[in-house]
Amino acid sequence: MDWNNYLSEEKCPSPPNAHLGVLEGEVWGHWDLSQVPKGTKILSLPTPLKRTKLSYSNWNALRNNDEIEAIKLGYIDEERIDVLSSLPNLKYLQIHCNSQDNIPDLFPLKTLQVLVLAYITRIDNIEFLKRLSNLKTLYICDLNHLYDLSPIAELSGLQELFLSNGGMSGVGKPVKSMEPLSRLLELEYLHFGVTVENRNYDISSLLHLKRLKHLSILPRFLKKGNEEKLKEMLPLLNW
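All the letters of the sequence shown, read from the start, carry residue numbers 34 to 272 under the working numbering.
No lab work stands behind these hints: they were computed from the structure. No incorrect hints appear here.
Below 20 Å or equal to it, Euclidean Cα-Cα: the simulated SDA-like pairs (lysine to any residue) are: (1) K105 with S47; (2) K256 with E212; (3) K206 with S249; (4) K246 with S215; (5) K163 with V208; (6) K105 with I75; (7) K163 with I185; (8) K243 with E212; (9) K83 with H129; (10) K105 with M34; (11) K74 with T144; (12) K256 with Y234; (13) K163 with E111; (14) K206 with R253.
Please put together the full structure from these sequences, using the hints given.
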């Protein structure tokens, strides 16, 4: 699969909700990973319910698999990252329904192009994103304690960014600042479904994003002439 323009070309099963639905060809249900069928490109490894007493075994059976392009999982640790880092064609990773206190650095996943984070309940920072130099698409939905966006600023090659928080309860907790986004000079797609603390609706950080073609943002950021300013300063923008 071509993972480029994953959000803008609506390649996910339930656009724009990249964390929902089943990817075409997705394989799951193999607790013994040595039994994963040959030819599997998309592998789903959801965390089993405690009452089932099930767990995954033989992680090393996946090592150096050159067919797997996408992995979905709930729990991730350094051992799993080590195995995933050996997959030469891994382009997509989804971490969902995660209740860990921290997530290890993901920088060993050097081939990763698309990262989807959803329903992550405990972690209070996203430092683990740093140094994902080839990442093109970052999707964050309902990361309960999302606050400081600074680590995203280091993803200099990022082309697509989706930020949403709060689920059915609204926009969730405010983030610290929009300013880190000003350094994402390759960004073409932005969904900014969060609010900023102290009711700061300054959109000047977005005016640096001259490649931006798609923008969806809360209406409160478009008041007091901000919408007109965006249209004037971002000529490629297609509302």
